[in-house]
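Visitor: Residues per chain, in single letters:
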Amino acid sequence: DAGVTQSPTHLIKTRGQQVTLRCSPKSGHDTVSWYQQALGQGPQFIFQYYEEEERQRGNFPDRFSGHQYPNYSSELNVNALLLGDSALYLCASSFSAGQSSYNEQFFGPGTRLTVL
Amino acid sequence: KNEVEQSPQNLTAQEGEFITINCSYSVGISALHWLQQHPGGGIVSLFMLSSGKKKHGRLIATINIQEKHSSLHITASHPRDSAVYICAATLITGNQFYFGTGTSLTVIP
Chain A
17 DAGVTQSPTH LIKTRGQQVT LRCSPKSGHD TVSWYQQALG QGPQFIFQYY
67 EEEERQRGNF PDRFSGHQYP NYSSELNVNA LLLGDSALYL CASSFSAGQS
117 SYNEQFFGPG TRLTVL
Chain B
380 KNEVEQSPQN LTAQEGEFIT INCSYSVGIS ALHWLQQHPG GGIVSLFMLS
430 SGKKKHGRLI ATINIQEKHS SLHITASHPR DSAVYICAAT LITGNQFYFG
480 TGTSLTVIP
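These protein sequences, in sequence, are chains A and B. Start counting the first sequence at 17; every next residue gets the next number (the numbering used here). Start counting the second sequence at 380; every next residue gets the next number (the numbering used here).
Hints are computed from structural coordinates only; laboratory data are not their basis. Any given hint might turn out to be false.
[Claimed, not checked] Some chain B residues flagged as far from chain A (calculated, every beta-carbon gap over 12 Å): (1) 396; (2) 437; (3) 460; (4) 461.
[Claimed, not checked] The following label-pair restraints were derived from C-beta to C-beta distances: (5) 448/B - 26/A: 36 to 42 Å; (6) 32/A - 423/B: 31 to 37 Å; (7) 405/B - 19/A: 43 to 49 Å; (8) 93/A - 394/B: 41 to 47 Å; (9) 99/A - 419/B: 37 to 43 Å; (10) 387/B - 98/A: 28 to 34 Å; (11) 75/A - 471/B: 14 to 20 Å; (12) 111/A - 384/B: 15 to 21 Å; (13) 26/A - 431/B: 24 to 30 Å; (14) 421/B - 76/A: 18 to 24 Å; (15) 120/A - 382/B: 15 to 21 Å; (16) 54/A - 399/B: 22 to 28 Å.
We put the CB at the ideal spot given by N, CA and C, even for glycine.
In isolation and in its complexed conformation, chain B is listed as follows:
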């Protein structure tokens, strides 16, 4: 079993829809990260969270430490949001990433 689990695996949405991607983890973490990966491989860090909520433009990330759960929300989705979104955790015991398997998002115009 992975230390980090994500759902859903694949997601298709109409432009303008509100999107939620979920992440749960089973170990003690020092930080939870949301990453975006476009076709071709490049990974961009969207958020790093250790508590509460962060917002950047149309993206919102939340984390519930007690429930070991985090969500990434995209408001007013757009086709350019189409990418793989990956949840990753850095553990208390070290600073390497443990990745979820990713959520492939396709936003249809």
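So here's chain A without its partners, still in its complex pose:
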């Protein structure tokens, strides 16, 4: 089992561009959560996808959107990039099967996004 994988590892974009980050969950997991971690800060919750729908969302603008595919993989899209979007973007997967209670999350290695 490869665990949670993310691509790309690193990415450099310029202000105003759009970016798509990808995440493949751990085998058997059906829920994907995305987090943004600015340098020197703890991660901040962006949103969570389950059954191809956004189930919960943190305090992030609409420029941040996502998608989940039938195979449970997920994408994070960020439009109109700002310098402040430079961060490590972490994906975590878990198994929910419809339950709202917590199940352990496994993290991917992250994608380092730099906006110039």
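Assemble chain B onto chain A, guided by the hints.
Guide: Below, chain B without anything else, positioned relative to chain A:
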């Protein structure tokens, strides 16, 4: 104010020292987690607690639900323990993480 607060922010210890990292939270939680993040970003889950105490090797995690406080202890610290340790909570209202800002630990040989 963050739902989860950690202290200290930075910690330097000599090899062999006993280390304590503290975490307090202000909301109702379903679980409290201790995570380890090494340079480069990868996060590993160390413990998930909803009550009491858990031990894994030289690591011990405790939680006091009434006081809304948790601690992570490292006994006989080693340079390979150097990492950022993050406390995170999952709330009763949902199952996403709310993270503390992390404690950067450096263990000097």
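Visitor: Against which earlier hints does the structure fall short, listed by number upward?
Guide: 7, 9, 12 and 13
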